[in-house]
Amino acid sequence: MPSVSYAEALSRGVQDALSRDDRVVLIGGRFGGLDTPRAPFEPLFRDFADRIVEHPVSELAVAGVTAGAAMMGLRPVFDVRTASFAFQAFAQIVNEAANVHYQSGGAVTVPAVYHLLAGIRGSGGPQHSHAPQAMFWNTPGLQIMLPSSPADVYGLVRWAMLHSNSPTIFLDHPLLMDETGDVDWDSPPIPFGRARIARAGADVTVVATSIMVNRALLAAGTLAADHGLDVEVIDPRTLAPLDEDTIVQSVRKTGHLVVADESHRSCGAAAEISSRVVERAFDALRSAPVRVATPDVHIPFSPGLEAHVVPSADQVVAACLAASGRTATGAR
Amino acid sequence: MTSSSTSEPYRDLFAEMLLIRRFEERLIQLKTEEAFPGHYHVYIGQEATGVGVCAQLGADDVVFTNHRNHGHLLARGADPGRMYAEILGRRGGYSKGKAGSFHLAVPELGIPYTSAAVGGSIPVATGAALAVQRQQRGAIVVCFIGDGVLEQGAFYEAINIAALWRLPILYVCENNGIGTVTGIERAHTSPSASLALPALTDAPDAFQITSRVVDGRDLDAMAEVARQAVDELRNGAGPWFIEARTNRWPGNRGTWPAMVGGPTVFPEIEPTASEQPESASGHREWAEQSDPLRLAFRRGLRDDRLTPADVARLDAETLARIDGAVAWATSTEEPGLDEAFTDVVAEGR
Amino acid sequence: MPQPRSNERQTPPAGVGTDRMEHLLAGFEQMCRIRAFEEEVARAYEDKVLPGLLHLSIGSEAAAVGVIGGLTSADRVYSSHRPHGHFLAAGVSMEALFAELAGRSTGLCGGFGGSMHLMDDRAVMATGIVGGTLPIALGHSLALPAEAVAVAFFGDGAVQTGIFHETLNLAALWDAPVLFACENNGWAEFTAREEHTRVGSVAAYGDLYGMRSLSVDGSDLEAIESAAAELVGGARRGAGPAILEMHVSRLRPHYEGDLRRAARGRDPVEALSRRLVELGQTEAHLDAIIARQRAEARAALARALQAPLASDPDRHVFAGAFP
Chain X
1 MPSVSYAEAL SRGVQDALSR DDRVVLIGGR FGGLDTPRAP FEPLFRDFAD RIVEHPVSEL
61 AVAGVTAGAA MMGLRPVFDV RTASFAFQAF AQIVNEAANV HYQSGGAVTV PAVYHLLAGI
121 RGSGGPQHSH APQAMFWNTP GLQIMLPSSP ADVYGLVRWA MLHSNSPTIF LDHPLLMDET
181 GDVDWDSPPI PFGRARIARA GADVTVVATS IMVNRALLAA GTLAADHGLD VEVIDPRTLA
241 PLDEDTIVQS VRKTGHLVVA DESHRSCGAA AEISSRVVER AFDALRSAPV RVATPDVHIP
301 FSPGLEAHVV PSADQVVAAC LAASGRTATG AR
Chain S
1 MTSSSTSEPY RDLFAEMLLI RRFEERLIQL KTEEAFPGHY HVYIGQEATG VGVCAQLGAD
61 DVVFTNHRNH GHLLARGADP GRMYAEILGR RGGYSKGKAG SFHLAVPELG IPYTSAAVGG
121 SIPVATGAAL AVQRQQRGAI VVCFIGDGVL EQGAFYEAIN IAALWRLPIL YVCENNGIGT
181 VTGIERAHTS PSASLALPAL TDAPDAFQIT SRVVDGRDLD AMAEVARQAV DELRNGAGPW
241 FIEARTNRWP GNRGTWPAMV GGPTVFPEIE PTASEQPESA SGHREWAEQS DPLRLAFRRG
301 LRDDRLTPAD VARLDAETLA RIDGAVAWAT STEEPGLDEA FTDVVAEGR
Chain E
1 MPQPRSNERQ TPPAGVGTDR MEHLLAGFEQ MCRIRAFEEE VARAYEDKVL PGLLHLSIGS
61 EAAAVGVIGG LTSADRVYSS HRPHGHFLAA GVSMEALFAE LAGRSTGLCG GFGGSMHLMD
121 DRAVMATGIV GGTLPIALGH SLALPAEAVA VAFFGDGAVQ TGIFHETLNL AALWDAPVLF
181 ACENNGWAEF TAREEHTRVG SVAAYGDLYG MRSLSVDGSD LEAIESAAAE LVGGARRGAG
241 PAILEMHVSR LRPHYEGDLR RAARGRDPVE ALSRRLVELG QTEAHLDAII ARQRAEARAA
301 LARALQAPLA SDPDRHVFAG AFP
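Chains as they are written, first to last, in the working numbering: chain X, 1 to 332; chain S, 1 to 349; chain E, 1 to 323.
It cannot be assumed that every hint is accurate.
Partner residues aside, some chain S positions facing chain X, computed with beta carbon under 10 Å [what the hints assert, rightly or not]:
#1 120
#2 130
#3 151
#4 153
#5 347
Output of the computed footprint for chain X on chain E, the stretches with three or more beta carbons under 8 Å from beta carbons of chain X [as the list claims (entries may be wrong)]:
#6 48 to 59
#7 122 to 130
#8 151 to 161
Derived by calculation from the structure, the hints in this document are not laboratory data. Just so you know, even glycine gets a beta-carbon here, dropped at the ideal spot from N, CA and C.
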């Protein structure tokens with residue numbers, strides 16, 4: 001299996017979907033972000049130019065256009081780009097697209113994908129750094145996927161574009177683009193609602209999303225080498241639907257839970273996951289869950305300040321030590 | 001009626017308008033009987049618009065509407081019984097009671113989704129037109145909106161895109177005015193307290209979208225302009241915008257419709273029939289000059305396209321049909337409580 | 001790059017008095033100031049001294065100076081994601097601006113905001129959201145003292161946002177004293193205007209909303225000054241909002257690091273320089289002005305980089321005490 005970049009895997013996943021199903025159409029298509037199209041995306045623009053629709057700066061209308069096209073049988077993907085811009089589109093995503101299937105009593109589906117580059121990218125400042133997964137998770141009717149590896153993005157994006165029948169918020173992360181990993185190009189699409197055990201372990205369960213998965217794996221390495229702590233890292237891959245069973249099973253094994261997610265602490269994704277585990281496996285927990293999240297502050301521009309608020313691998317280390325009783329204080 | 005035809009008999013179009021009228025009148029009565037909860041909107045006074053436009057559409061065409069949707073659905077052939085059931089929140093409703101009046105939709109008749117947010121449906125309708133264009137079905141999309149929509153940014157974003165991509169979409173803006181004065185021209189204040197545009201059609205004009213202003217009370221005029229619009233759209237001419245002006249039915253005042261003036265009467269058929277009290281609110285004047293149903297009837301008589309006997313018979317049939325629809329709807333079940341948890345997400349396959 | 005049309009304002013005839021000459025020279029120096037600042041920023045960015053996403057005003061100096069130069073201390077300026085020129089023209093020091101771009105505690109916003117989130121007193125706010133400051137500028141204008149105006153700068157990409165239309169509708173309804181100043185460079189990020197709309201002229205929206213509008217060559221300082229004076233003057237006297245469309249050239253890519261070819265077009269600094277020479281200034285004198293501004297920019301950047309990075313991220317989340 002080749003080791004490829006996340007960007008490459010994403011690009012090939014999108015190309016594969018476009019090749020297989022004529023109904024797939026890209027509205028905007030600059031998946032890699034603001035940068036000049038990275039080399040992996042060049043074939044996409046070159047070979048599928050007629051499947052890419054350029055659009056004005058009108059996120060609200062285009063989000064609705066995406067939903068309307070999906071209702072009529074296309075399988076559109078709206079590349080919203082910076083996740084913070086989704087707020088311009090919020091009404092159409094949350095109060096229209098998300099409602100259609102329910103409101104129609106199940107008669108109409110909206111197989112639309114909204115691609116967002118979410119999270120703290122480095123010097124994005126307060127208006128370009130949102131990780132809005134929790135805001136969308138609080139909306140019935142939306143699926144939420146956050147891949148963390150080249151193999152996962154290749155598998156999940158094809159499920160979203162070819163098999164999903166509901167609006168999907170695809171939360172991507174700019175810092176993932178250059179990460180590398182093995183990808184089996186012949187692997188099938190990954191259905192939603194299936195977590196991945198990124199690292200098996202016995203002592204602490206760490207549930208991590210998106211960019212936090214790699215940070216959790218780094219932390220796991222440190223914990224093993226320096227503290228003799230064997231950490232299990234679970235990547236849910238999708239928040240809605242959430243594979244609770246895999247998480248609960250792990251907690252029953254380890255007795256300790258750390259949840260690492262980049263959305264803000266209050267009502268963040270980590271809060272919800274912690275709650276569900278407490279509800280289902282309180283008896284198995286030997287310590288309170290510990291969250292590693294972005295604090296409830298805006299993301300400051302200055303690099304030193306920003307580094308101070310980004311949830312880091314070190315914070316995951318501290319959280320695991322606290323959860324397992326190795327230190328008195330928890331992580332922030 | 002879903003058959004596309006510019007030669008649909010006048011009598012059939014009149015019958016559709018009559019069906020809408022009696023449907024809405026009966027709905028108001030149901031509300032006074034507290035048969036259903038919530039807020040709702042009736043199409044009384046705008047029947048010629050919906051019927052005139054929908055008569056130009058084929059089975060493949062798609063319609064998006066808004067909270068004032070009953071007339072559009074009936075004009076496209078929706079079953080009154082299933083509509084009542086939905087408004088009453090019953091399981092037999094088109095959306096199993098989960099949508100109610102606000103969001104009445106009939107996907108099998110090409111009305112996939114109804115938003116009740118002002119301006120909510122325009123982007124979606126525009127996207128449907130994108131799909132229809134790419135699918136090369138030869139179909140078009142009609143998006144019914146109210147005049148308030150022009151205060152929403154989403155409207156401008158969407159029509160800009162529709163013009164840019166030359167989408168096959170007809171925006172029908174039903175400007176139902178605020179007055180009961182005679183003459184359509186004076187009823188509409190533009191600029192108003194909430195919209196600075198001198199005329200509603202200035203907006204589509206600025207985006208190079210073909211626009212027309214039509215007397216929305218006039219069935220023939222609506223049908224004629226709509227026919228032209230639909231023909232051009234099918235030939236790929238790019239989007240159209242029709243402003244259909246009506247004088248608001250006096251019963252629309254207030255949060256809930258009120259049967260001001262009583263059920264519609266046709267003095268030409270029953271000379272002794274009179275309006276009930278409350279006509280002091282200007283209803284008599286409205287009924288004489290701005291009621292599209294009465295106007296269509298008088299013109300039909302004048303041009304020998306209708307006879308009083310036709311109308312009397314149609315009305316009897318319509319009232320019987322409405323009775324049957326209400327009886328059916330009120331006899332159906334409430335949805336099971338588990339329905340609250342179904343259809344949240346459609347599973348992937 | 002659109003060519004000026006016949007109904008656009010042209011520059012006044014040649015031959016000017018002393019006051020006027022001083023005024024033009026001051027405008028030239030201000031434009032050179034912006035140019036020098038931005039060139040320094042571009043270099044620093046390439047050297048990886050400055051982080052973040054930077055959108056430079058190179059090519060729109062005359063727009064900033066021409067409009068803001070005619071404002072009083074009571075007026076207010078709102079900006080876009082391309083704000084450096086506006087803030088400099090409004091009187092912010094180069095050092096404070098450099099420091100902000102470099103995330104230093106001495107920066108205009110203490111390093112918290114960065115390039116797209118500049119905030120000050122006279123130049124109130126920049127934004128990373130296209131069209132984001134339009135409604136805010138409108139609201140502010142309603143709270144200004146009599147005869148004061150708010151100027152809202154935006155790019156032509158913002159014209160396709162719903163918020164542009166909602167704001168103009170409200171401004172017209174309320175007769176608000178706002179000048180909507182559009183720097184139309186014919187691009188919205190990476191695509192040309194024709195791919196975004198069939199409406200070529202931004203000034204045409206003045207007809208739609210019943211407000212005064214003018215369209216000018218954005219490389220012509222005098223034309224801009226004249227047009228702005230007319231529109232702002234009217235707003236001061238209660239004539240309501242107005243649109244000023246300035247056709248500028250984006251002489252750099254959309255943002256630094258964008259490897260797409262930058263649009264080319266008329267350089268406002270060059271244009272004014274030629275005009276001043278026509279009016280009798282020497283090249284040497286103009287070169288001296290340029291050199292002075294370049295030196296100042298270089299020194300300001302160096303000073304800015306000596307300041308410490310910002311610290312304490314929990315400050316400023318809420319104003320005042322909060323448990």
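Against the structure, the hints come out as follows:
no., hint, in the structure
1, 120, "holds (6 Å)"
2, 130, "holds (5 Å)"
3, 151, "violated (14 Å)"
4, 153, "holds (7 Å)"
5, 347, "holds (6 Å)"
6, 48 to 59, "holds (count 3)"
7, 122 to 130, "holds (count 4)"
8, 151 to 161, "holds (count 4)"
When each numbered hint is compared with the structure, a violation occurs for hint 3 only.
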